[in-house]
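Asker: Could you put together the complete structure from these sequences and hints?
Chains as they are written, first to last, in my numbering: chain A, 1 to 403; chain B, 1001 to 1398.
Hint data in this document are derived by calculation from the structure and do not stem from the laboratory. Since this is a predicted model, take the numbers as computed values, not measurements. By construction, the Cβ of each residue, glycine as well, lies at the ideal position given by its N, Cα and C atoms. Incorrect hints may have been included.
Unchecked claim - Where chain B lies over chain A, by a calculated footprint (3+ residues, C-beta under 8 angstroms): (1) 44-52; (2) 55-68; (3) 88-94; (4) 101-113; (5) 347-357.
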Amino acid sequence: VRRLLFAWELGGGAGHVTRFLPTALILREHGHEVVFAVRDLPRTKVVLGRHHLPLLQSPMWVRENPGLPPAMSYPELLLRFGYHSASDLAAMARGWLTLYEMVHPDLVVIDHGPTALIAAMVAGVRRATIGTGFFIPPRLHPMPSFRPWLDVSADRLQRAEREVLDVVNEALLALGAERKLTVLAELFDADEAFLCTVPELDHYQRADGHYWGPAFDALGGDEPQWPLSEGPKIFVYMPGTWAGLNRLLQELSDMRASVLLYLPGLALGSAESYAGPAMRVSARPLRMTQVLRECDIVVCHAGHGTVAAALLAGRPLLVIPEQVEQFLVARQVVKLGAAKMVNPDSRPKFQRLIDEILSHGEFAEAARRFATKYSRFGQAEPYRSIAERCEALMTPATRGRGL
Amino acid sequence: MGRVLFACELAYGYGRIAGALPVAIGLRERGHQIMFAVRDLTAAEWFLAPHGLRAVQAPIRVPADDSLSEPRAYSEILARLGYLDVTGLDGLVVGWRTLLHEFAPDLLVANHSPTALVASRGLTVRRVVLGDGFSSPPRTMPLPGFPSHADALLSSLAETETRIVENINAVLASVDAPSIEAVADLLGVDEDFLCTFPELDHYSGRSAPRYWGPLFVASEGAIPVWSSGGHPRIFAYVGPNHPQFDTILRGLIELSWPVLVHAPGVASSIMRRYRSSCLSVAAEPVHMARVTDESDVVVCHAGHGTVAVALLGGRPLVLFPRSAEQTMTADNIVRYGAGKSVLQGPGAPSVRRQVQAIVDDPRYAKRSQEFRAHYGAFRREEQIQAITARCAELLAGP
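Answerer: As structure tokens, then:
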């Protein structure tokens, strides 16, 4: 029996957990122990549903670094999470080190976990990264802008890289590491990189990526109950806390359609107030395979997992990105021709946009082309391959790569 | 030998972790293995790492629910933690239970850690509560409102408590753990180390309490360096995120007395705004016993540990409370007469004048000296010895 620790350190939503869940279940079936260390315990508990996996809290930076401009690059993102201070970073890395000592994993699979990676380097724990393109940036120096449509100066990228690199190296020294990083992207050096996407949905353009394919949990969740009304079936997956929710629901309720909404984080009691004869609301996860098979269009904020799942099911989308990470996915899927994008800051006509997508067959057609091209993904793959590789990495034949 | 988990779920700042440190060291010296689970790992880096004590992240709710108003009772603290939502609570409890399973402690020391107490119900681990009066409210049903909110409707507190108890029981049932009837049942443990003095107790009206004396760390941290040799000298412990940080610092500088400011973790870019020949700044912990001894007055938020060190050193206090917990301690000091809360807001005299008035009035210094004399027999080493001995007894127990 081998032990695997799945580590999710930064970012929100359910995607980080659902990405690895199917693989975790395969590994457990093979007799291995899988422990999850996660940023958001309550959300994870809900997402896991009937699957009882041991959950631990990931180390977190609980202070604030106010007054920073919007992040343009990965290093600037890290400055929002304690990477401006070597002592704070060392504190979090030590939290991970203690976790590794306690759990004693044969392999750590790290999803958006820079500090988990640092600690794994220091401890010489075998490690793999997992994530969409956004969480496994290409090995460039300085690390590139993730807002390519903005003219971000080379000087700014260089400065952020230098500042964070110095802090990381000072923390490594404090933790007793023997070596320093020469460029920040070395942070992502690992025994394997499970880049869970395809080139068309990659957040970065890269030449050397090995793509494992999109990963998400489509089997968990409740069985969908569509309202029994005429018209197209519209599936909406937006955060229950999204500011534009009321307007969207208003417009949807005026449509001749059957609308099913999954609104995680929706305030208790508000689900009822939105529900109607043509509209049903769930605050709990729904079984995505079935929802997507049955719907005609997906409305979402362009989280990578939902978009990939919709495309693999051959469904077109209306995407409403909120964060840069979602915007990059939204851009890609619009480029594919399978979606329209809403600028949430404008006053969008949701109804008209949905009608356009449904009445112009080319959106669904583009989605179906994607589904055909990648028909090998979505059921057993890429999970079986990832699980197999994890098992190989967990065998004690070779030592993990230290610093 | 035994394994001991110190749970510091609600330790904002570093006071509680620093306070538990001597107990942890004492238990380690007896051969036990120690682990901390803390809310703020940065504080662990300051106080635990230098002693080779290890810490993991305590389960924490992200993002915090800021929609609720300031708590008026212990149960409302639980509400802010997410206890009004059964899925939120469930996630935190699962996190604690995995930690309890992985580290497998023989003794859980709950230092203001309600969810660790929920999660450990029904397990074989022995459990104690360690902390000031605030973290160990009198076991009534419902739990009392904070004295500063005596006007809080008991019925509304009872209603909140009922909902919380329902949610706790739902989660406990899912893991086959024994249910509770009231939140007070959570605090029914093998020992209640009520670490304060009656004068500093956040609550009054306990039935037959045993006071173990306040916890604090007096001898960790840097030796103070004053800007000049004159008197009176002010030691100010002010968090950089205190809403009045700027007003307080500018007021102290105006006095032109030597002032040593301990602003934990403050960025040097911020401190550059306060260049003054009378001011020195420490961003990292300072040697509290020494700095108190060398100062004439202590300015602080009314954190329980800082206040205890100041009074045991016979120093009067100028208080800027910012939480309910600190307001309760500040009220205790004012009642005792060893210090004053600074009035804030429009119409209030300047900070400079208010501090000057406290320093100039000999009654405050006299009362703090009386406190010092009253507890002259209190020995921290004996207190730590007594606590660790009792823990060791529980660890050895049947």
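Asker: Next step is simple, just say for each hint if it's right about the structure.
Answerer: Hint check:
By the rule of at least three residues with a Cβ nearer than 8 angstroms to a Cβ of chain B, the coverage given for the segment 44-52 of chain A holds, with 3 such residues. Interface restraint, the segment 55-68 of chain A with chain B: holds (10 residues with C-beta to C-beta distance below 8 angstroms; minimum three). Chain B is given as covering the segment 88-94 of chain A, and this holds because 5 residues of the stretch bring a CB closer than 8 angstroms to a CB of that chain, at least three being needed. Interface restraint, the segment 101-113 of chain A with chain B: holds (3 residues with C-beta to C-beta distance below 8 angstroms; minimum three).
Counting residues of the segment 347-357 of chain A whose CB lies closer than 8 angstroms to any CB of chain B gives 0, which falls below the minimum of 3, so the coverage claim is violated.
In summary, the structure is inconsistent with hint 5 from the numbered list given earlier, while agreeing with all the others.
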